[in-house]
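Between the sequences and the hints, there should be enough to build the whole structure, so can you do that?
Chains as they are written, first to last, in my numbering: chain V, 23 to 235; chain S, 0 to 138.
Simulated from the structure, these hints should not be mistaken for laboratory data. Incorrect hints may appear among the rest.
Simulated DEER-style distance windows between Cβ atoms [to be verified]:
#1 Asn-47(S) <-> Ala-71(V): 13 to 23 Å
#2 Asp-52(S) <-> Arg-77(V): 24 to 34 Å
#3 Pro-235(V) <-> Arg-64(S): 19 to 29 Å
#4 Gly-38(S) <-> Thr-97(V): 26 to 36 Å
#5 Glu-48(V) <-> Thr-74(S): 26 to 36 Å
#6 Arg-185(V) <-> Trp-133(S): 36 to 46 Å
#7 Arg-185(V) <-> Phe-57(S): 38 to 48 Å
#8 Val-56(S) <-> Pro-123(V): 17 to 27 Å
#9 Ala-39(S) <-> Glu-203(V): 25 to 35 Å
#10 Gly-192(V) <-> Ile-77(S): 41 to 51 Å
So these bits of chain V aren't anywhere near chain S, every CB distance computed over 10 Å [unchecked claim]:
#11 Gly-64
#12 Pro-74
#13 Pro-123
None of the values given here were measured: they were computed from a predicted structure. Using N, Cα and C, we set each Cβ at its ideal position, and we do this for glycine too.
In case you want the letters, here they are:
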Amino acid sequence: MVLVAATILGGPVGSHAHEFWLDASEYRPDTAAEITIYLRGGHYFPASALAPADRVIHRLTATSSAGTRDLSSTTEKRERRASLVISDPGLHRIDLVLQRPQLEKPDAWARLLLVPSGSTSDPAQYASGKGLEILPLMPIETARVGHSLLINVIRDGIAVKARIQIVAAGGGVAWVDSMPEQPAAFTPRKPGRHLATVTDGGQTATLMFDVQP
Amino acid sequence: MSGIIFFLFFFSTGVAFAHSIEVQPIEGDPGIVARYADGAPAAFVGVNIIAPDSDRVFQEGLTDREGRFVFLPSTHGIWRIHVDDGMGHTAHTEVPVGTISSPSTQPVTHLPRGWALVTGISVIWALFSTCGWWRARRK
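Written as structure tokens, this is what we have:
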């Protein structure tokens, strides 16, 4: 009983500092559709309890085959919102960099991968090569319940050892380990949104992705 | 029992203070030093200074690289200092300036991680005890 209690308490205390993540009104939008990107944060994913302040938003960008463009966001209660038009049928990678003013290194990164409906994505396009990144090694739109998804953690483009926490919006937490020579294997048990989080050297990176039934 | 454990797991996440900010007054100077719970300086985080007997912001700025902020007070009294890193970590404290009879020099911050752990264990222990008592009572 005590062991169970200690395990229950010890795990979350060590790993549940609040995180920031990106979310979207649609994960498989139609091309030319306008969707909403949410900047959210808190302890209890998927509920957002806080929005990052203006001064710590270093960059919010959308990258697709058309290039990279800056997105502007506004605070709405306990989250921030940005509008995004799906300009082309390929992958849209949304990146948020949080960094205190005058600090040389970011505090956190958050990423969201959107693949328009009817399209496929190439995992080679997922990485930026900068900072701490959670990198699926398979097309993210193929993530399905019961099917293993391989994930790497890279820092400045190089695979590193890391423990990834993955929380399903429908409930449930998993931890998987990624090694430089062996990516982590995560098998979703529920459909819907999933938040992957990794912390390294005082910095945090998150990745939001959707799992199909 | 699994239901209880499931409940406790999510309940226990509420005692997460792994990266809160702790603020201490600087001895001998009107100012503060802010640190994250892991000991790292809360560098370049926002600071608001509220003068005694006022609700208006007297001064605002950022801590330095070491998490320090010193200001030049215009009057004696208890100055309130609020720290916010813009990413959900906040703390506040009071700094006495001048001849205050019994100033509160204790910083008002988030619960330290160790105390959060003890509190969490105590709560879980109480819940299990209550559950056991309730079951025994039914028998």
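To see whether the hints hold, each was checked on the structure:
In this structure the supplied range 13 to 23 Å holds for Asn-47(S) paired with Ala-71(V), their Cβ-Cβ distance being about 21 Å. Asp-52(S) and Arg-77(V) have their C-beta atoms about 29 Å apart, which keeps the hinted 24 to 34 Å range intact. Separated by about 50 Å at the C-beta atoms, Pro-235(V) and Arg-64(S) break the suggested range of 19 to 29 Å. In this structure, Gly-38(S) and Thr-97(V) meet the distance hint of 26 to 36 Å, their C-beta atoms being roughly 31 Å apart.
Between Glu-48(V) and Thr-74(S) the Cβ separation comes to about 56 Å, which falls outside the hinted range of 26 to 36 Å. The supplied range of 36 to 46 Å is met by Arg-185(V) and Trp-133(S), whose beta-carbon atoms lie about 38 Å from each other. The given range of 38 to 48 Å is respected by Arg-185(V) and Phe-57(S), whose C-beta atoms sit roughly 45 Å from each other. Judged by the Cβ atoms, the range 17 to 27 Å given for Val-56(S) and Pro-123(V) holds: they are separated by roughly 18 Å.
Under the hint 25 to 35 Å, the C-beta atoms of Ala-39(S) and Glu-203(V), about 31 Å apart, fit the expected range. At roughly 49 Å, the beta-carbon separation of Gly-192(V) and Ile-77(S) lies within the given 41 to 51 Å, and the hint holds. Not every Cβ of chain S is farther than 10 Å from the Cβ of Gly-64(V); the closest lies at roughly 8 Å, contradicting the non-interface assignment. Listed as outside the interface, Pro-74(V) is inconsistent with that label: its C-beta sits roughly 6 Å from the nearest C-beta of chain S, within the 10 Å cut-off.
The non-interface label for Pro-123(V) is inconsistent with chain S: the shortest C-beta to C-beta separation is roughly 6 Å, within 10 Å.
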